[in-house]
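Protein chains: 2
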Amino acid sequence: MASWDLTISKELSMVSDFIRESIHSDEELLTEIADYVIGAGGKRIRPTVAILSFYAVGGKNVEETVKIAAALELIHTATLLHDDINDGSSRRRGKLAAYKKYGVRSALVTGDFLFTQAFSIGSKFEPAIVEITAEACSRLAEGEIRQQIRARDVAVTEKDYIEITTRKTAWPIAAGAKIGAILGGGNLEEVLAVFEYGTELGIAFQIVDDVLDVVGNEDVLGKPTGTDVREGNITLLIIDALQRGSSEDRKALADIVKKEGQTSEEVHRALDIIVRSGAVDIARRRAAEFGERAKAKLGPLRPGRFKLELLRLVDLILKRES
Amino acid sequence: MASWDLTISKELSMVSDFIRESIHSDEELLTEIADYVIGAGGKRIRPTVAILSFYAVGGKNVEETVKIAAALELIHTATLLHDDINDGSSRRRGKLAAYKKYGVRSALVTGDFLFTQAFSIGSKFEPAIVEITAEACSRLAEGEIRQQIRARDVAVTEKDYIEITTRKTAWPIAAGAKIGAILGGGNLEEVLAVFEYGTELGIAFQIVDDVLDVVGNEDVLGKPTGTDVREGNITLLIIDALQRGSSEDRKALADIVKKEGQTSEEVHRALDIIVRSGAVDIARRRAAEFGERAKAKLGPLRPGRFKLELLRLVDLILKRES
Chain W
61 MASWDLTISK
71 ELSMVSDFIR
81 ESIHSDEELL
91 TEIADYVIGA
101 GGKRIRPTVA
111 ILSFYAVGGK
121 NVEETVKIAA
131 ALELIHTATL
141 LHDDINDGSS
151 RRRGKLAAYK
161 KYGVRSALVT
171 GDFLFTQAFS
181 IGSKFEPAIV
191 EITAEACSRL
201 AEGEIRQQIR
211 ARDVAVTEKD
221 YIEITTRKTA
231 WPIAAGAKIG
241 AILGGGNLEE
251 VLAVFEYGTE
261 LGIAFQIVDD
271 VLDVVGNEDV
281 LGKPTGTDVR
291 EGNITLLIID
301 ALQRGSSEDR
311 KALADIVKKE
321 GQTSEEVHRA
331 LDIIVRSGAV
341 DIARRRAAEF
351 GERAKAKLGP
361 LRPGRFKLEL
371 LRLVDLILKR
381 ES
Chain S
61 MASWDLTISK
71 ELSMVSDFIR
81 ESIHSDEELL
91 TEIADYVIGA
101 GGKRIRPTVA
111 ILSFYAVGGK
121 NVEETVKIAA
131 ALELIHTATL
141 LHDDINDGSS
151 RRRGKLAAYK
161 KYGVRSALVT
171 GDFLFTQAFS
181 IGSKFEPAIV
191 EITAEACSRL
201 AEGEIRQQIR
211 ARDVAVTEKD
221 YIEITTRKTA
231 WPIAAGAKIG
241 AILGGGNLEE
251 VLAVFEYGTE
261 LGIAFQIVDD
271 VLDVVGNEDV
281 LGKPTGTDVR
291 EGNITLLIID
301 ALQRGSSEDR
311 KALADIVKKE
321 GQTSEEVHRA
331 LDIIVRSGAV
341 DIARRRAAEF
351 GERAKAKLGP
361 LRPGRFKLEL
371 LRLVDLILKR
381 ES
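Protein chains in written order, with the numbering used here: chain W, 61 to 382; chain S, 61 to 382.
Just so you know, not all the hints are guaranteed correct.
If chains are identical, the list can't say which one is meant, so a pair holds when it fits in one copy or spans any two.
Stated by the list, open to error - DSS-like mimics (lysine-lysine), calculated; alpha carbons at most 25 Å apart, straight line:
1. Lys219 <-> Lys184
2. Lys120 <-> Lys184
3. Lys161 <-> Lys319
4. Lys161 <-> Lys318
5. Lys161 <-> Lys355
6. Lys160 <-> Lys379
7. Lys155 <-> Lys283
No wet-lab data here; the hints were simulated from the structure.
Generate coordinates for the entire structure from the input sequences, incorporating the hints supplied.
Below, the structure written as C-alpha cells:
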C-alpha cells in the first residue's frame, strides 16, 4: 500500500527519490541499511498528509514540501529502526528487522544518521519549520518513554492511551500537515485545521494499527501479530478487554499482559480473549469516531479536489489491512 | 576536569544552565536520565573550543554561542548514550552506564530526545549553522559505522585510523570551533583556521584517549581501561604494537584483538603487550605532533588572551589524565 491510491503518486515518487538522495553516504553500509528499511515501502502516511495539506490550501510549487515530507519519513524510519531494537521485533514490513540482519550497533547508528539527514534537510528551511519538526520529535520521545513506563501496567486508562498515542503517532502526522499548509500559503485557520485533522487522523491510524495487531493477516501485515501483548503495550483493545470479559478472562489477560517473556501460547490466548471480549468492534468504532472528527476539522478548508482527497484518506485508513 | 582551568568558567556555567533548561521534559524520566549522564560532568571540550573560538575572533555577545555549545554537548551526550549500549560498557564518567541503570529502551529514547533537543536549539539559528552541525553529525555516524566495519580487523592502517577519528571525534569539535568563529564575526580565514585547529586538536584528543585506555588510572578516568581491546577498536597504539613487538607478542595481540568476548586476563595481556611494544610513547609523540599542528593553524588569528587560551588548551589536552 505504497500510495493509498490517491492522486499524488507523482509527488510520492519525488519523495522517494529525494529520500534516496538523502541517505547516500560514502559509507555504503549506512546507505544499504537505510535503503533496506525505507525501500521496504511502508505506508508513507506522513508524506501523504503533508502533500495533500499543501495542495488543499492552494499550494502550487510542491518541491519544498516534498523535501520536508522526505525528512519526516526519514525521522519515522529512524524511530522504526530504534523501536525494533527496543521491541526485539524480528520482522518489519515483510522483511527481517534491520537490527537482526545488520546487528544492533549498525541499526542504531543508521537511526542516528537518518535523524541527522532529516535535520540536515530541515536546515535549509526557515526556523519555524525546523521548530515544528523538532517539537514533534520531542513529543514523540516523550510518548515513547511514557509507553515504556506504563508497559504491562493494567491500570492504564483510555485517557492515558490517547495521550501516549497523540505524542507517538498523531503529532508527527499533524506536524507534516501543518508544515504542508504553511508552505502552501494557508492562512492561520487552515493551518490549524489540518493540524487538528492530522491529530485526529493519527489517533484513528494508531487504533487501526492496534486492531490489526490482534486480528490482522500476518502475511498482509508483513509482521507478526500480538506484538502489543508481547511488549505489554496497553492498547485501547486491551483496556476494553480488561473491563468487559468474564472475570476469568479478565484475570487471565491481565496476568499474561503483566508477564515478561510470555510463551506463544499465552500470546495467542491473550489475543483470543481480546477478540472474545468484543474489544475489536469497539476499537473499530472508536477509530471511526476519530476519523469523523478528523473530517469535521477540515471545515475551514476551501472545497476542492485535495480537500476531498484528505477526506477520502480517512476512509482508506479506517479500511486498511496493513 | 569540568573546566580545563581556563578563563571561561562563567560561560561554561551558562552552557550547563542552558543544557539543564533544554533537557526539561514533562516526562520526568527523560529529564532524569539526561541529567544523570550530562550531570556526571565530562570534559566539555566541544563547548570550550566553541567559546574560545568565538572570543578569539573578537566576538562580544556570547549568548548565541553558549546555546550552540549546549546543543553540541547534547549531541555528544546522545552519542555517548548510544555508544554505551553498543559497547556494552558498564561505567561512564565514574557512574553506572545509563542503559545499565535505566534499561536499553529508555537510554535509547533519551539519546533520540537529546538529538532532537539539540536540533530544536539549532532551529533558532541561521541555516548555515544548522547545516554545519548536521554535517558533523552525518560524518560522525559515518565514522562510527566505519569503526564498526573495521572492528577486530588487524589490517587497519594508521591512515584508516586517522580517517575514522577525524569523523568520529575531530570534526564535531572542529564544527564547534567553526560555528563559534562565525558567530563571533570572524573573517573567512579565521573561521577556516579554527576549524583546522579543531580538527588537529580533536585527533590529538582521541589519541590521548586511546593512551589513557591503556595506561590510565581507572579511578581518575571513571571507567575501566581496555575498552578498545575489548571492543576491537584498532587504535594507533594497537596498530603500532602489531608492527613493533616480538613476533610472539604480535601474534598474541592480534589473536586477542580479533577474538569476541575475551577474558579479563586476555585483555590485560593485550594491554601489557601494547605497553611493552613502546606504542604508548609513540602515540604520545603522535598526539603531540597533532597538537603542534593545531597550534600552527592558529597563525591567522589576532594575538590576544583567547588565542593564548586556545594554545594552552592544546597542552592541557596532551597532559590530561582523564
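We went through each hint and held it up to the structure:
In this assembly of identical chains, the alpha carbons of Lys219 and Lys184 never lie at most 25 Å apart, being 38 Å within a copy and 34 Å across copies at closest. In the homo-oligomer, the alpha carbons of Lys120 and Lys184 lie at most 25 Å apart inside one protomer (19 Å), although the nearest pairing across protomers, at 27 Å, exceeds that limit. Taking CA atoms no more than 25 Å apart as the test, Lys161 paired with Lys319 passes between copies only; the shortest distance there is 21 Å, against 28 Å inside one copy. In this assembly of identical chains, the alpha carbons of Lys161 and Lys318 lie at most 25 Å apart only when taken from different copies (21 Å versus 30 Å within one copy).
For the homomeric pair Lys161 and Lys355, neither the shortest alpha-carbon distance inside one copy (41 Å) nor that between copies (45 Å) is at most 25 Å. In the homo-oligomer, the alpha carbons of Lys160 and Lys379 never lie at most 25 Å apart, since the shortest distance is 31 Å inside one protomer and 42 Å across protomers. Only within a single protomer do Lys155 and Lys283 lie at most 25 Å apart by alpha-carbon distance; the minimum there is 8 Å, versus 39 Å between protomers.
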